[in-house]
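Protein chains in written order, with the numbering used here: chain G, 1 to 263; chain E, 1001 to 1366.
Note that these hints are calculated values from the structure, not bench results. Take these hints with a grain of salt, some might be off.
Sample of chain G residues with no beta-carbon within 12 Å of chain E, all distances over it, derived [claimed, not checked]:
#1 Asn10
#2 Val18
#3 Asp22
#4 Gly60
#5 Thr103
#6 Leu113
#7 Pro121
#8 Ile140
#9 Asp142
#10 Leu154
#11 Asn185
#12 Lys191
Here are some chain E residues pointing at chain G (derived, C-beta under 8 Å) [to be verified]:
#13 Ile1200
#14 Asp1207
#15 Asn1330
#16 Ser1331
From chain E, some residues computed to sit far from chain G (all C-beta separations above 10 Å) [as the list claims (entries may be wrong)]:
#17 Asn1094
#18 Leu1099
#19 Ala1100
#20 Ile1102
#21 Ile1128
#22 Leu1157
#23 Arg1169
#24 Ile1186
#25 Asp1205
#26 Tyr1216
#27 Met1222
#28 Gln1303
#29 Thr1308
#30 Ile1310
#31 Met1312
#32 Phe1316
Every residue gets a Cβ at the ideal spot worked out from N, C-alpha and C, and that includes glycine.
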Amino acid sequence: MAETILSVRNLTQQFKGVLAVDHIRMDLEKGSIYGLIGTNGAGKSTVINMISGSIPPTEGEILFGGKDIGKLDAAGRAKAGIARTFQNLRLFSGQTVLDNVITASQITRKYNLLEMLACMPRYRREEKDFSERAKDALRIMDIERYEDFQADNLPYGLQRRLEIARCLAIRPKLLLLDEPAAGMNPHESLKLVDDIRVIHRTHPEMTILLIEHDMKVVMNLCGYIFVMASGRMIAEGTPKQIYDSEEVISAYLGGIVHRKERA
Amino acid sequence: MEKVKLRNNPLFRFLAVVLLPLLALLLAAFTGGSYYESVLVLFFINIILAASLNLTNGITGIFSLGQAGFMALGAYASSILTLSEKTKNTMVRNMPEWLAKIQLPFIPALIVAAVFSMLIAGLIGFAILRARGHYLAVITLGMVIVIKSVLDNANNLTNGSRGLSGMARYSTLPVVVIAALLTLFILYRIRISAFGRAMIALREDEDAAASLGINYSTIRLMSFMISAFFGAVGGGLWAHLQRTIAPSLFYFNETFIILEMSVLGGMASLSGAIPGAAILTFVPQILANFSTGFTLFGIQIPQINGLTNIVMSVLFIVTIIFRKQGIAGNSEYIVSSLFDRQTYTGLFKKETYTGFADAFRRKKSA
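With the rest of the complex left out, here is chain E (with noise of 0.2 Å):
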């Protein structure tokens, strides 16, 4: 018998793709509104964060670091919607009439504000995406900078430093979840379909691409527009959990937060989003535990400010020196396994699989 990946065996794909998370869900929903559930959301939110810039940085090649600034556009303009008029006329001096008066569900309000966040990108993609390389990377830095300064100053809207605060508790586990797992299928779809071969071509070879009748700026542009939307969806949610937002919190600490999730878990793969979250919401969350000090042995370790910081930044300079492409490289199994009906031949028969329907539905194939 030919010997077989563990990764193809069906047993292990089954547990790995539904059983553990189901178990987790159930675990979280045990635990309900408690610390761990917030973990949970939160894990699902950075997910969507870090599937949305794997499609600009891995994907299509253009290097942002600025999904900081439209998880803040996202933030906001979803809080702006779902927060009632008593309170925002309380909160924040003189808004527009109109903008109070509005309020919206949260789900239209999420879209609303990514659609938003989405044209506000295509606005700026517009100008900025003729630049490449390095030239891109600062100018996207330097956007996140402007977007700052715009809700630090636009007192009227966004209430200043100040920041906005009073929002319902939206993001529960079922709606993140959900959230997540349309992020991934939709940015899935676009991967394997001609824009996403597109955008690859446009990251391999310009020239090429070019060759082959691949508009450069059109893809791009694209591409910025559709991690900018889901990266204000994931800015939505974050604020629907956080409920209280402010300038500094979307600021080059997020950005990084986010840029190392893609990284980690491997910028060139929608897959790596899932490891790379799990990675940078579960250990800063451990470590948290042990930063105010320890015992080890019979050893009084003292308290270690920024335990986090130090650790994450270890993990990621070991990550770009021993494994560039991160821990999913540039392969969309832990996706394609949700998604795609594949065939293999596991450690028991050959059989077809489908994602999660096939968890309850074996269908044998000839």
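Isolated chain G (complex conformation) (with noise of 0.2 Å):
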């Protein structure tokens, strides 16, 4: 069995009265995919917030690689890494898609200030590497012939991927994707499949947490899922065992809707 590189114990979330999260647990083990699904306002993105440093939880704790991150805040939680997409993009839009890229990977820069005045050797190092890792992530997203494009100009598509790619030049071990099939249209929602496969292929240590709406994505991708409805985990179990739940079936349809009707 492979080692568990995240575990969430009573996790909660308090908005002024409202139970966004109440007590869930999750155990997510090295380099497999994980889906996170539910209904609208069940509280998967409070959890990918709270995981990520957005937001501080309310009460429970999260282990992440057997360490307590409970302390550390986003950025810090980036460095341990934990990366992840938002929801509603989150680009930096003004700049090339390659500079988007490369604010993620120099996560790892060691080179101070002084070091970067004079030019020092470590400094050009760096920022060699820096640049390669970026164009790394952006050839496994298949984006590298935009790189000099600035971000806004994208199609949307794109601009999703590119997100993608920036996570993944932070080099993380946990990727947390929002959403990430969201406002795409049949064909691209296509193409981000194989890409999150690519991705999984190349990176078998990596595990990934999907957050999704679209059904056929969230099947076809993931080993495992976990169903949120009104901030409760409700179900979990590989894909076959989600599919033919009653309980998720009437989480999200309101009520037991027999397998015939379904099929």
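Combine the two chains into a complex, taking the hints into account.
Here's what the structure looks like:
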């Protein structure tokens, strides 16, 4: 059995009386693709925000690689190896595609201000390394030919892929994708499924947690699925188990639907 | 043949970036010590001030109105350090003896003053940089007021509101040109390094920057301190141009002059400091001739008080309405053509240019 990379215990988020996330528990193993699904307002994004450090949890603990990361801020967690995308795109829109990604790959920076001003070997070596790693990430997401474009001039689907490329450039151990296929047309989301497969194949160590509405994407990609409804984890299991789970169906469709009717 | 933009034409680059400034310098050399030289010196000092403000306001997104405060710190600290013991003792009552005894050459004094201002900026920034946006702008304006009243009241250091005078005129043209080029060079190097990218990332999207491991407070503090450093360099040079300083000179008026240079030139671009400084230095000098009244087509125009302020404010408003990003926008064309190696398919041939060096050594590239 593979080792656990992330384990979440009793994670809770209370927004002024609204229990957005209610004592959930999650264990992610290294090197698999997980899905997190649920209706709107189920608390999926809040879970990702808490894991990535964007908002502090009200209660509960998050162990990443066996260490408690509750005290780290978002930047610290990124350095520890958690990368995320955002539900609504968060690119550095005025910058070029390549600069967007280099801003991520420079996470390994060791040189300081004086070394930079004196143009010491370490500065030059690291800068070269940043841009090489950025280009690698662009290549994986198949957008390297747009590297000189300004980010907000790219079509929407490519901007989504750029955001994923930016995450890859920090070489994360855990990649959190918050609705990567949102707003994509069917063709683009098929391409995205392929891309995530490629990422998974080229980074066998990386764990991916995917929030998605598009069941086709989730069922195709994920080896294991968590289902949330009104802040609680109502089911988890393999795609087959989820597909057959009556709790999930009732949460999604508001009542028990017989299998024949679904077919 | 592909159509080439004028700005990428090697001849144009050569003229604009190398020949014109050189001509200006030659002109100044012939008129050395005169009024024109002082105006040119002021121009280069203004470049330093505007570029240092662009680092915080345009690149990092810390909207600071406090540059006049750091300028004052630099001016006072460097003046106290370069004045002789005798001058200080006759001018300032009860100056601490150890401080009165110190007298440094100009350049070390300038550097010490800049470092001092940077450290003060570190202390202030630590406290105020957790605010953002308009709140921060107002706080930095408050900082200018605080610095002014400290200078006004620290009688035994600064001679209070009477100010300091008698500094030697160390800010000659060669000194300020080198200082301005060095400032632009260092700031540009920061801009294109990991630090600069982090600053821009924070400006564009704080949350996204944090998710990529960029530390909000460290980077902002760094930007604020570096900006204060160069602001103080500008202030120190300015003090040794004017040779007389008083706290009231580093107040709202100066703050907004620096801000206007920065906005007119283009806040997000270090290069913008150059056109911004040019407008705010030369236009008031030209207008000064007219404000005493003049004759136009036989019509006698009477004296107009504050003509400069009116024209500059209108210019400011027009810029904000029609070209918010300023003259240079966010392009680093001018500065990068000074310091970068770039290849252009010009009107003549494909050639690689490295700023100044290439004016004399044109290498053909394959």
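message: The output says E:Ile1128 does not contact chain G. Does that hold with a beta carbon cutoff of 10 Å?
response: Consistent with the label, E:Ile1128 stays out of reach of chain G, its closest Cβ about 20 Å off (over 10 Å).
query: Far enough from chain G: is every CB of that chain over 10 Å from the CB of E:Ile1186?
result: Incorrect as stated: the minimum Cβ-Cβ distance to chain G is 6 Å, not above 10 Å.
- prompt: Can we confirm that no CB of chain E comes within 12 Å of the CB of G:Asn10?
  reply: It holds; G:Asn10 is separated from chain E by about 24 Å at its closest Cβ, greater than 12 Å.
query: Was G:Lys191 rightly flagged as not at the interface, with every chain E Cβ beyond 12 Å?
result: Per Cβ check, G:Lys191 is outside 12 Å of chain E; nearest 23 Å; holds.
Given as non-interface: E:Arg1169, partner chain G, CB spacing beyond 10 Å: 30 Å, holds
Check on E:Phe1316 being off the interface with chain G, judged by Cβ distance over 10 Å: At about 23 Å from chain G, E:Phe1316 clears the 10 Å cut-off, so the statement holds.
field: Consistency of the no-contact label for G:Pro121, given chain E and a CB cut of 12 Å
entry: 15 Å, holds
message: A cut-off of 10 Å on Cβ-Cβ distance, and E:Thr1308 was said to be off the interface with chain G. Does that hold?
response: 34 Å, holds
field: Least C-beta distance between E:Ala1100 and chain G, which was stated to exceed 10 Å
entry: Correct as stated: the minimum Cβ-Cβ distance to chain G is 33 Å, above 10 Å.
task: Report holds if the minimum CB distance from G:Asp22 to chain E is greater than 12 Å, and violated otherwise.
output: Non-interface label stands for G:Asp22: nearest chain E Cβ at 25 Å, farther than 12 Å.
query: Taking the closest pair, is the beta carbon of E:Gln1303 still more than 10 Å from chain G?
result: Holds, because the least Cβ-Cβ distance between E:Gln1303 and chain G comes to about 46 Å, which exceeds 10 Å.
query: Any CB of chain G closer than 8 Å to the CB of E:Asp1207?
result: 6 Å, holds
Of the hints listed earlier, those the structure fails to meet are numbers 5, 6, 16, 24, 25, 26 and 27, in rising order.
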